[in-house]
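There are 2 protein chains.
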Amino acid sequence: MEEYSIVGKRISKVDAQSKALGEAKYAIDIYLPGMLHGKVLRSIHPHARILRIDTEKAKRLRGVKTVITAEDLPDIKYGNWLVDMRIFARGKVRYIGEPVAAVAAVDEDTASEALELITVEYEELPAVFDPEQAMLPGAPILHEDLKHYETRFPKKEGSMFGNVNYNAIIQQGDIETGFANSDMIFEDTFRTPKSHASYLEPHTSVAAFDSEGRVTVWTTTQRPHLNQVIVSSLLGLQVSKIRVIPCHVGGGYGGKTRTLSEPIAVALAQRANVPVRVAFSREEEFISTTTRHSAITKIKTGVKRDGTLVACRMDLVFDTGAYAQTINAAWLGALTAVGPYRIPHVKVEVFGVYTNKTMSGAFRGYGTPQVNFARESQLDKIAHDLNIDPVEIRLKNCFKKGDVQPTGHKLVSVNIEKTIIEAAEKIGWKKSQKNKNRAFGIACGFTPCGGLATSCIVRVNQDGTAVVNSGAVDMGQGLKTALSQIVGEELGINFEDITLISGDTDSTYFDVGIFSDRGTHTTGLAAKMAAMDAKSQIFDLAAEELEANPDELYLHDGKIFVKGVPKPLIPLKDLLSRSVFKKGRPIIGRASINPDTPPMDIKYVQGATSKFPSTYTFATAAVEVEVDRDTGKPTVIKAVGVNDCGTVINPDGAEGQIDGGMVTGLGFGLFEEMLIENGQVLNPNFLEYRIPTALDMPVLSRAIVESYDENGPFGAKGVGNSPVINMAPAIANAIYGAVGVRIKELPITPEKILESLEERRR
Amino acid sequence: MEEYSIVGKRISKVDAQSKALGEAKYAIDIYLPGMLHGKVLRSIHPHARILRIDTEKAKRLRGVKTVITAEDLPDIKYGNWLVDMRIFARGKVRYIGEPVAAVAAVDEDTASEALELITVEYEELPAVFDPEQAMLPGAPILHEDLKHYETRFPKKEGSMFGNVNYNAIIQQGDIETGFANSDMIFEDTFRTPKSHASYLEPHTSVAAFDSEGRVTVWTTTQRPHLNQVIVSSLLGLQVSKIRVIPCHVGGGYGGKTRTLSEPIAVALAQRANVPVRVAFSREEEFISTTTRHSAITKIKTGVKRDGTLVACRMDLVFDTGAYAQTINAAWLGALTAVGPYRIPHVKVEVFGVYTNKTMSGAFRGYGTPQVNFARESQLDKIAHDLNIDPVEIRLKNCFKKGDVQPTGHKLVSVNIEKTIIEAAEKIGWKKSQKNKNRAFGIACGFTPCGGLATSCIVRVNQDGTAVVNSGAVDMGQGLKTALSQIVGEELGINFEDITLISGDTDSTYFDVGIFSDRGTHTTGLAAKMAAMDAKSQIFDLAAEELEANPDELYLHDGKIFVKGVPKPLIPLKDLLSRSVFKKGRPIIGRASINPDTPPMDIKYVQGATSKFPSTYTFATAAVEVEVDRDTGKPTVIKAVGVNDCGTVINPDGAEGQIDGGMVTGLGFGLFEEMLIENGQVLNPNFLEYRIPTALDMPVLSRAIVESYDENGPFGAKGVGNSPVINMAPAIANAIYGAVGVRIKELPITPEKILESLEERRR
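In order, the protein sequence lines correspond to chains U and L. At position 573 of the first sequence the residue is numbered 573 (our numbering), and the sequence of numbers has no breaks. At position 431 of the second sequence the residue is numbered 431 (our numbering), and the sequence of numbers has no breaks.
These are computed hints drawn from the structure, not numbers from a lab. Since this is a predicted model, take the numbers as computed values, not measurements. Glycine included, C-beta positions come from ideal geometry on N, C-alpha and C. Please note that a few of the clues may not be correct.
[What the hints assert, rightly or not] With a cut-off of at most 27 Å between alpha-carbon atoms, the simulated DSS-like pairs for lysine-lysine come out as follows:
| no. | chain 1 | residue 1 | chain 2 | residue 2 |
| --- | --- | --- | --- | --- |
| 1 | L | Lys9 | U | Lys241 |
| 2 | U | Lys77 | L | Lys559 |
| 3 | L | Lys77 | U | Lys583 |
| 4 | L | Lys583 | U | Lys147 |
| 5 | U | Lys77 | L | Lys583 |
| 6 | U | Lys559 | L | Lys77 |
| 7 | U | Lys241 | L | Lys25 |
| 8 | L | Lys241 | U | Lys9 |
| 9 | L | Lys241 | U | Lys559 |
| 10 | L | Lys573 | U | Lys155 |
| 11 | L | Lys583 | U | Lys410 |
| 12 | L | Lys77 | U | Lys573 |
| 13 | L | Lys241 | U | Lys573 |
| 14 | U | Lys77 | L | Lys573 |
| 15 | L | Lys573 | U | Lys147 |
| 16 | L | Lys583 | U | Lys156 |
| 17 | L | Lys155 | U | Lys583 |
| 18 | L | Lys559 | U | Lys241 |
| 19 | L | Lys583 | U | Lys155 |
| 20 | L | Lys241 | U | Lys583 |
| 21 | L | Lys77 | L | Lys241 |
| 22 | U | Lys25 | L | Lys241 |
| 23 | L | Lys583 | U | Lys241 |
| 24 | U | Lys241 | L | Lys19 |
| 25 | U | Lys25 | L | Lys25 |
| 26 | L | Lys155 | U | Lys573 |
| 27 | U | Lys583 | L | Lys410 |
| 28 | U | Lys583 | L | Lys147 |
| 29 | L | Lys241 | U | Lys19 |
| 30 | U | Lys583 | L | Lys156 |
| 31 | U | Lys241 | L | Lys573 |
| 32 | U | Lys573 | L | Lys147 |
| 33 | U | Lys573 | L | Lys156 |
[What the hints assert, rightly or not] These stretches of chain L come out as covered by chain U in the derived footprint (C-beta under 8 Å, 3 or more residues):
| no. | region |
| --- | --- |
| 34 | 448-455 |
| 35 | 495-501 |
| 36 | 583-589 |
[As the list claims (entries may be wrong)] To spell it out: a stretch of chain U is covered by chain L in this simulated footprint if at least three of its residues, at any positions, have a beta carbon under 8 Å from a beta carbon of chain L; those stretches are:
| no. | region |
| --- | --- |
| 37 | 12-24 |
| 38 | 204-216 |
| 39 | 231-245 |
| 40 | 448-460 |
Next comes chain U alone, as it looks inside the complex:
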């Protein structure tokens, strides 16, 4: 990485100071004169017909300015992949917490009081909470009209039926032949719970119309431009009349990829004709935003006695809740299910299934943590049964560069082998355990990275400084810093000379959102391409002004050089200062890209090639765990994360992502679970919903191994998702090593360990 001046350098986040000083504005900091406060009335039944909503009393309460229900809005559904949800329930409610009405009032208390004055007459319907139950004939049906729902992927005949909203199959080789050729076959079922992204900042939006009928929405979001489009379609406003200003994001992790508070705020502001803020409470976050899909993973694996994987069949059920808003998580789960391994015979089938619970969606890892827990747990079991070192069995089967996925995707950057070796080394894998209740565990995997539409503009000013306008949002992960590094590197100017304008839909251009590790890899690619475009305009100008050959020019340290000539031809600012009054046009580089997106359909899998995801990142985690046999309590003592994320743009940022991802994985493995009884979330707060705290932290260490992805800027891939996926199986595997019990259902609580230990004793 020595060839780069800015890429690969440890540069502080550009917004570090404003956040540290408390100057960074979050959506809740937006306070407009005369602003009203919006509150949402939510369903108290998991499944019920709405017979009547009486808002008259609420409307008469002093201080209430407007009350709206579905009846006041166009009957339009939304959803990026499957169009199944409305702002407010219409006809029936499908989960406890579903929005039924909203109120805007002069203060929050008045708004809350008004909610209590709204009468909703329901006719309760039978509900279903378990996805396997929901797939059975005779189960209560959530969406009677599902068959006619619009999808953004080609519909397959019969793939949407009953409560099944999604079905895809990935195949390679012949699974039955594979099992026939195997020496041993392993069959297991694993379960992972519904969990919440648990960002600190709840969904908050402030909407204000101006006298020209244009609305500005300040919000917390990972996807301002898609919010703009969705608010437009839901409320019948032109896209051009909506401005979305994303404030600093107080955590997202995938949970801010929905459009939830925005259309409510806009609809209320439109009717009240004054600005309206809608700020969700923590409870609302838990009961009515997206969560990680709970999943049931059945896995049947055939192996040779030497540990060679021969066949793998996986059957996945993803519980989408009442609305399948992010059903592509199920697709991505299927895509990564059999793992980063060479397996000749593969069949993966995934079902997305409606249940009467809050919708599932994106959450760091995005479909993969569920399947990775299953597969990596089973692989550990296979290794133990075959008496092969768990490290060895992974090294023996893992992908190499150039391998082709069952989907036909050729992998251009793969260094998983080195992540396994380094993780084992760093945890001290070879050291034998003296303490009998303590053991190492290891797991590896891969996650999809990048793709979908984005754009970027890079202007170069008269003084040689640059401004980057990117539609992508920095949700705290340091994207603004990374994009600035990429542009600075490409332009050959100093990091300090770059300013990044991000997110505001008035000043930036379409980006589909920051999720699926597409920030650095895809929006970074657009930033690099826009910078290249600007650079070529600069070289043309230099060539014209100074009679040089544009092909022989390069930029470094803010100066233009001719290749092979050590003395600079001209400082960039001297060239560009002329462009204001004399020759030369304003330098405006542009890039607008849309890496191919496949239809989510079996046909795709049976031969089509595609760039979505653009690439994959690879990771291994190794942990050392001690189990208290008396209490069952597992303690993760050390954890090591090693990632192959291509060229690292900013090591501080990448390492922060690995550490953070491992902690998310730790929570997924040991603590986090939304407890739901008859559709009611029992622990909708941070007292009862346990995320890891400082006291739960192992000694964390991390490393990055090199690879170069030719479709990423300077070879970069993403690094947000893959560190999450290995912690749970590595911990589970270590627990097995320590005390000999294998827990197949997350989270791995002391109770489950104790119970298993007791079972073993019996």
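Using the hints provided, position chain L relative to the given structure of chain U.
Then chain L, alone, in the frame of chain U:
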């Protein structure tokens, strides 16, 4: 114009409602928490050496947060054409009103009190106020170091000397031969005063730094991007770290093309570390902002007995005041001096001269009103003396399409002939006057239009609506509306589907500023080109998706058609909605242009061709005036303005410009004059500085004649400047017709008429 759907339509200004409702934000409406108020200490001497500035007492005043002088800032001068001015005087002051120091305090009163506590020790120097005096040997020299000043035009040896800061010569044919071949020769001298643009809103800026060291400046300006560049260079800040947000402009007329309050606000905010507002008073506007150059125009014209113009020599002296900030006004005056006439032998020489008065600069008409008053007055005299109808003499000599200017500029759109004919018709020229004190007057002329660098981005959204990001500012003239019409026409979508984002340097791209009629013509051209670029991307996408030939497609009414097929191929929104998730990139059209700019040098005139100005607009005014022989009071009864401004984008807007321009010309002709005694402005307020009021209004009518300018969007030219230039000479000519006296010095006051009448009687 029937071929267009939106261009040529009477569409209300997009910001009409927000202005009518009082919602439009002007710079003075920006109020930031903790904001300080800045005040400027100004020179009390027209010319003096600064010996010492003592700010200690001021700094100690309670409530004062910072005091700055030139010593606190980098020693950097600025100026777009001639780099001769600083934010604060350094070493010496050159006019009464020049900034010497500034204070930021908790309120305006405290700031004013602090100014009184600053002691400046001056050593008075001899001053010069008359430009002809200033050109004489031995005159006090304002800029001793002038020779070494940087210029943005190539310096000619010996063209800057003494107080002469600018000299240019335009020649055609041989002037002496011309006079030798003439039957009669006329020689006259005309004088026009220093006058003020008299916009209602004084210069106001609010500057606020954020914790990352980036500053936002809310201001009232015609050129946000150039302000950004100039604040950058003056204060040593990177361009990318400055955001200029132009608020609604409360009138500009050229007077908001300087950078005056901005750097003071930024410098104070930087030191005080809190936001600072600097708002000029009306008096400050009069004594320390730009004014129209006062000018002395000597004109010697040779004609044939039949009225054919043979030779014209003009010698112009433009009084630049103490700083030649907009010396190109002198150049443009020279460029248009001999008028829109075919004259074989021409010599124009112009001098820009320093005097100890506030700087001169741009003001509607931009150099031409001064010379047009002279030439059109003299032409009337020639017509009378030759007994030729003033209308006929103009028609006989005026330019036709394809004629070439003395500068070598070929005129591609000329319809002045028709403006003369229509103006004469509309005023009722042929009707004989019965009342002896009443007469008609006519004058015509042309003004430069367009040129210099600009850029534009046009994005087309998923619903087929469009957003235009333009660096150009709407200063009330309706530019946002016009640009939206241009883009809508080019894209074939509805006007209502377009939103224009203008001016904010974070969300728009370089434009040099709105002056010299470059709004519709040049920034409009960029908008059209960006829309064309977007359209070609749309057609490529349509071709790819629908197997059409992109060359055969066109857009109309938001739908894509194949040429010759009446049924639309696909609605635009249906095509573009796919581009989010499926094929197709975000549609982002871009244009970045810089119509050639000439060096302001005799060499240019002697052969170089150039596109600057891009083109010319032509206009005629005809008036009917009655003079009260007892009081000398002239009353303009009727006034007609007819313009050739190419294709009209918005007739309401164009007609408003013509009416407004005629009123500005009326004030220039009859009322406005900054009375200056020993460098002191005696009438720095609207009580004593008289602009036309409702009571002074004639019956106004106006018309537009067609032409098509191939370098403008849909053939459009500008229309802001040319209506201004003809009123003063038309009125002067009418007064001559009415009472037989010819006033050669503006404004034409009753006193001057009375005095001339008395002189004639003697």
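*Hint by hint, work out which the structure violates, then give me just those numbers in ascending order.*
none
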